Amino acid sequence: DAGVIQSPRHEVTEMGQEVTLRCKPISGHNSLFWYRQTMMRGLELLIYFNNNVPIDDSGMPEDRFSAKMPNASFSTLKIQPSEPRDSAVYFCASTWETGGYEQYFGPGTRLTVT
Amino acid sequence: SQKIEQNSEALNIQEGKTATLTCNYTNYSPAYLQWYRQDPGRGPVFLLLIRENEKEKRKERLKVTFDTTLKQSLFHITASQPADSATYLCALEPWGGGYNKLIFGAGTRLAVHP
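Chains A and B, in that order, give the protein sequences. Counting with the numbering used here, you get residues 3 to 116 for the letters of the first sequence. Counting with the numbering used here, you get residues 1061 to 1174 for the letters of the second sequence.
Quick caveat, the hints were computed from the structure, so don't treat them as lab data. Values in this document were obtained by computation on a predicted structure and should not be read as measured data. Beta carbons are placed, not taken as given, at the ideal position from N, Cα and C, and that holds for glycine. Hints may be right or wrong, so weigh each one.
To be verified - In silico lysine-lysine, BS3-like type, Cα no more than 30 Å apart, as pairs:
1. B:Lys1063 <-> B:Lys1161
2. B:Lys1077 <-> B:Lys1131
3. B:Lys1123 <-> B:Lys1063
4. A:Lys70 <-> A:Lys26
5. B:Lys1161 <-> A:Lys26
6. A:Lys70 <-> B:Lys1161
7. B:Lys1077 <-> B:Lys1123
8. B:Lys1131 <-> B:Lys1117
9. B:Lys1115 <-> B:Lys1131
10. B:Lys1063 <-> A:Lys80
11. A:Lys80 <-> A:Lys26
12. B:Lys1161 <-> B:Lys1117
13. B:Lys1117 <-> B:Lys1063
14. B:Lys1161 <-> A:Lys80
15. A:Lys70 <-> B:Lys1063
Unchecked claim - The calculated label-pair distances, taken between Cβ atoms and stated as ranges, are:
16. A:Arg112 <-> B:Pro1142: 22 to 30 Å
17. A:Trp98 <-> B:Pro1100: 23 to 31 Å
18. B:Gly1101 <-> A:Phe76: 44 to 52 Å
19. A:Asp59 <-> B:Glu1112: 23 to 31 Å
20. A:Gln19 <-> B:Ala1139: 47 to 55 Å
21. A:Arg87 <-> B:Ser1068: 19 to 27 Å
22. A:Arg24 <-> B:Ser1068: 31 to 39 Å
23. B:Thr1082 <-> A:Glu16: 37 to 45 Å
Excised from the complex, chain A in its bound form:
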């Protein structure tokens, strides 16, 4: 199994530009999570999906952030327009629907907004 796949691994962009992060969950998993990790705030949940439907987006910091999951094997997190304070590592994770199961994390996308 390839695990959770994220792309790109690194992204450097200028303030004001649109950024799209991509995630492919593990096949068979039907819950998908987007996290952001910074030194100051640690690992924060942004949004999670169950069976491709957004269940809780209360962690999305602002309207500049949006996420979609058009099918079971693909999700995107978009930031438009990006700001320097969005610089962080963004992780995607997946698991099965029923509570109590471990989450499988991707390698992350390191985003730098200058």
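Assemble the complex: chain A is given as a structure, and chain B must be docked to it using the hints.
Just chain B, lined up with the frame of chain A:
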């Protein structure tokens, strides 16, 4: 307020000793608690899950305890090795609703010296 606290300072121990990491939480009633390992530049990796009705769980050199009265989990690594050096994160699903929505602690960095 609701929060999860882990040892904020790095834990330095000698190879062969037992490392003990602490995770305390307030104002949550989790049905289970999880521990993850994170190496630099990588996503967290699941280690162990312990449920509220379990006092202790073991996996090879790892042991986790869960005291819902004290609102505390302890994570032990026995016969520690330099390869165990990493950051360890505790996480809980705060409301027992089975939605897999995890809240993570800030993590404790462990350094095992030869």
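Comparing the hints with the structure gives:
1. Of the pairs offered as hints, the one joining Lys1063 (chain B) and Lys1161 (chain B) holds, with about 15 Å between alpha carbons and a cut-off of 30 Å not exceeded.
2. Restraint check: the Cα-Cα separation between Lys1077 (chain B) and Lys1131 (chain B) comes to about 26 Å, which is no more than 30 Å; the hinted pair holds.
3. Our distance criterion of 30 Å between C-alpha atoms is met by Lys1123 (chain B) and Lys1063 (chain B), whose separation comes to about 23 Å.
4. Taking the CA atoms of Lys70 (chain A) and Lys26 (chain A), the gap is about 12 Å. The hint holds against a cut of 30 Å.
5. For the proposed pair Lys1161 (chain B) and Lys26 (chain A), the alpha carbon gap of about 19 Å is at most 30 Å, so the pair holds.
6. A threshold of 30 Å between alpha carbons decides the hint, and for Lys70 (chain A) with Lys1161 (chain B) the separation of about 18 Å falls inside it, so the pair holds.
7. Simply put, Lys1077 (chain B) and Lys1123 (chain B) have alpha-carbon atoms about 14 Å apart, close enough for the 30 Å limit, and the pair holds.
8. Among the hinted pairs, Lys1131 (chain B) with Lys1117 (chain B) is consistent with the structure: their alpha-carbon atoms are about 16 Å apart, no more than 30 Å.
9. Taking the CA atoms of Lys1115 (chain B) and Lys1131 (chain B), the gap is about 12 Å. The hint holds against a cut of 30 Å.
10. Restraint check for Lys1063 (chain B) and Lys80 (chain A): satisfied, since their Cα atoms lie roughly 28 Å apart, inside the 30 Å limit.
11. Straight-line distance between C-alpha atoms of Lys80 (chain A) and Lys26 (chain A) comes to about 15 Å, which keeps the hinted pair within the 30 Å bound.
12. For the suggested pair Lys1161 (chain B) and Lys1117 (chain B), the alpha carbons sit about 22 Å apart, so the restraint of at most 30 Å is met.
13. With a C-alpha separation of about 24 Å, the suggested pairing of Lys1117 (chain B) with Lys1063 (chain B) holds against the 30 Å cut-off.
14. With a CA separation close to 21 Å, the supplied pair Lys1161 (chain B) and Lys80 (chain A) stays within the 30 Å bound.
15. Distance check on the hinted pair: Lys70 (chain A) and Lys1063 (chain B) sit about 29 Å apart at the alpha-carbon level, within 30 Å; holds.
16. For the pair Arg112 (chain A) and Pro1142 (chain B), the supplied restraint of 22 to 30 Å holds, since their beta-carbon distance comes to about 26 Å.
17. The supplied range of 23 to 31 Å is met by Trp98 (chain A) and Pro1100 (chain B), whose beta-carbon atoms lie about 29 Å from each other.
18. Hint check: Gly1101 (chain B) to Phe76 (chain A), Cβ distance near 24 Å, so the stated range 44 to 52 Å is violated.
19. For Asp59 (chain A) and Glu1112 (chain B), the hinted distance range of 23 to 31 Å is satisfied, since their beta carbons lie about 28 Å from each other.
20. Between Gln19 (chain A) and Ala1139 (chain B) the Cβ separation comes to about 50 Å, which falls inside the hinted range of 47 to 55 Å.
21. Under the hint 19 to 27 Å, the C-beta atoms of Arg87 (chain A) and Ser1068 (chain B), about 23 Å apart, fit the expected range.
22. For Arg24 (chain A) paired with Ser1068 (chain B), a C-beta distance near 34 Å keeps the hint of 31 to 39 Å intact.
23. Distance hint check: the CB atoms of Thr1082 (chain B) and Glu16 (chain A) are about 42 Å apart, consistent with the given range 37 to 45 Å.
In this structure, the one hint that does not hold is number 18.
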